[in-house]
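Following the hints, put chain B in place on chain A, whose structure we already have.
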Amino acid sequence: MFDVRVFYKKTGMAKYASHLDISRLFARALRRTKLGVWYSQGYNPHIYISFCQPLPLGYESFCESFDFLLLNQNDIRYVAQRLNPCLPEGLWVTEVAAPVHKVSDIAKASYNVKMYSDSPLQLHSEFGQYLERDPLVVVKKTKRGISNIDISPLIYSRNLSLLDDSVVFDVTLPAGLKQNLNPSLIVDNFSKDDHHHTQISHIKVQKKAMYCDGEEIFK
Amino acid sequence: MMKDSLEKILLKTQKPAKYTGAESGAILKDAEDVALRFAFCFPDTYEIGMSNLGLRILYSLLNETDYIWCERVFAPWLDFAELLCENDLPLYSLESYTPLYEFDIIGFTLQYELSYTNVLKMLDMGGVPMLARERKGLKNLVIGGGPCACNPEPLCEFFDLFVLGEGEEVILELTALYDTAKNQNYSKDKFLSQAAQIQGVYVPSLYIVKYNPDGTVLEVVPTGSAPAKITKRIIKNLDNVFYPQSFITPYVKTVHDRAVLELMRGCSRGCRFCQAGFIYRPVREKTPNVLCENAVKLCDSTGYEEISLSSLSTGDYKDLEPLLDKLTDYTDANMISLSLPSLRLDNFSPEMLDKVIKIRSGSLTFAPESGTQRLRNVINKNITEESITSSCRIAFSRGISSVKLYFMMCLPTETDEDILAVVETANKTVEEFYNTPGRSKKPVSVTVSAAVFIPKPFTPFQWHGQDNLDEICRKQKLLKSAPSSRKVKLNCHTPFQSRIEAAFSRGDRRLGRVLLTALKLGCAMDSWDECFDYAKWETAFASCGLDMDFYVCRNREYSETLPWDHLDFLISREYLMRENEKAKNSETTPDCRSCRNCRDNCTGCGVKC
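Chains as they are written, first to last, in my numbering: chain A, 1 to 219; chain B, 1 to 609.
Derived by calculation from the structure, the hints in this document are not laboratory data.
Bear in mind that the values here come from a model prediction, so they are computed numbers and not experimental data.
For each residue, glycine too, the CB sits at the ideal point set by N, CA and C.
Be a bit skeptical, because a hint or two may be false.
[What the hints assert, rightly or not] One side of the interface only, derived from the structure: several residues of chain A facing chain B at Cβ under 8 Å: (1) 11; (2) 13; (3) 16; (4) 17; (5) 25; (6) 28; (7) 29; (8) 32; (9) 36; (10) 42; (11) 46; (12) 60; (13) 87.
Here chain A stands alone, though its shape is the one from the complex (with noise of 0.2 Å):
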């Protein structure tokens, strides 16, 4: 048996898709590839697949991956051909190969938010100040209650930007096992501050690119 990683993209439409979703989609591709797959040896055999992490509903991303376990590992080079033919619309293979590091070694990410607004030139200066805020509080709900944490030393890198119908904004934030933040908790807690009165319609996220500890790009 051997480890391969595949690395993918979620775009267009396909961004709909849940984690359970897409878990279940790559188990049927992989099933029509005829490749040697692995599979788990209980009484209803499935392919063992692992998902590094969920990827909310409703974002894109460049840097998607997931693992199983190949019986030849010859075949490792027929993956990407043999894969795509099978997905659909809007999910690509960018890369297999084996994996470099573990699961457990991803520690931030980068994002593109683009956020839509009928005045973009004034939420690009609320959000700017928003930001500039120390500490900034924001609440998030998790499975064990409502809890209010400072992000400011949580956000490793920012820029935002102006568009004619929105406003950009790229951020490198916390993700993994250890810690987790994504953006568009951000962008809600900006929404529902006092302070603010440009509505966001509504927002559209990228993951760009998930790195290690240090700049290590995830491989």
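Chain B in isolation, oriented as in the chain A frame:
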């Protein structure tokens, strides 16, 4: 444009992937390249619609035809329907996000009566006038098919035509005629009168219904050259009929998310309450070779990990054993699981049972339908208590500990004794478990599901009224009060939905007004308990001046003209009457196929098979 607007609202809904299309296997064409755009509408949620085999067959069939692009439209769940409405967005197709009003033909599959309000709501949301007479041109031709088309009378005001029987051939004849009509600028009337000449096509506007003073139907008169009787279509040889080589594999989990093989159509057992047992006759089977070919193609193209064998009664499939042998060779090698719904275990050899149980771990389902042998004879469910017990015993000895038992209540001639016997049967099943050597260590669970009998057209019970509401409630109370083992779980269906189903299944054209009124009162998604609002339906009937009990509870005379009498499903009326009379005397009729080599068992049902 539509796509951009959708992007603003999709994340506000539960499971947006139901509304985005773009699934693996969805067919995309260029709208400029096709002459005819067909919207296949399923009047319920995506999860239910995508599980429907008819949709999968007709979708592939129409899309294999070059000049047609068939797209799917489902009923959005309440939250998304509201979002579309708030944002002034029309209901659209999943393939190209095209509003419903832009389609040439809008085809609905009519699977159950409780989806009728959804049909109207979908048209309305799609910007299509609901009433057929308000759609003047050929565009937006609204057509219907499926089991409920055997009495489509309550829907006649809304539909331009119905297709009776199996659709694979007639749909292509109809689209070809439509294509010609469109090219040559036919008027809608000219098209409809020509369509009525195609066997199996029922154009309701060409028939005038006259009523008696008491509200019953006097006669249905054809106009122009429309045939007096419209005969359903059947496919003669199932091995040669079109079958999809691929299915769409949905993103979201649907009710049945698996490859499906259609073993056979029709059932010859003749259970007297079962509409499917009559309207799909004659029995026709596919050969194991063709089925295995279908299986390999479907699984190779979809990656499905499960194959389900579909038919009305899988145990009656002549070559089940060789088929399973052949199929399991393939499925075992490819890590595919097999599932066998609709299996009657009463005619199984112990060896066969063993095989089946190996396939179906977990729970087993039996449908004794009623608690006493007398009543089972009345409904012609030719299954004995001994065969149920022995099947259970074998299942229990092979480690199965959970059994579901399906019953029907409020059947003709039913007494309180019959009701109490339902619980007794369940109790005995629990006892059987503890008496079985080698049973599972897990605790036994027996789930009883008791549905309310709904008289349906083209069955021997089509003349029977349903019990009135008080009587149904009394019987359900009686059932619940019967002493039962703690291992028995009892589920009763609500009588209210059954009443609406009963009204519409044997209704006439006047019920169209009730439907419209109910829709205006806010009725939709009526098959969902959380949406169904009986009070609104009562109001709708009352405000149309119609008595629900006239449709639901009234016993009809043999001499009465039934609203569907001008539709011919090949089942002879005399045969149905004979069966109904035999039922009154608890007389059974053997399965005409039980003796395969002789014709002695022919029941004279009218289908010349």
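Tested hints:
1. 11: Nearest chain B Cβ about 11 Å off; hint violated.
2. 13: 4 Å, holds
3. 16: Holds - the Cβ of residue 16 (chain A) comes within 8 Å of chain B, reaching about 4 Å at its closest.
4. 17: 4 Å, holds
5. 25: Holds: closest Cβ of chain B sits about 7 Å from residue 25 (chain A), inside 8 Å.
6. 28: Hint holds; residue 28 (chain A) Cβ to chain B Cβ min 3 Å, cut 8 Å.
7. 29: 6 Å, holds
8. 32: 4 Å, holds
9. 36: Where the cut-off is 8 Å and the nearest Cβ of chain B is about 12 Å from residue 36 (chain A), the hint is violated.
10. 42: 11 Å, violated
11. 46: Hint holds; residue 46 (chain A) Cβ to chain B Cβ min 7 Å, cut 8 Å.
12. 60: Violated, about 11 Å.
13. 87: Holds, about 7 Å.
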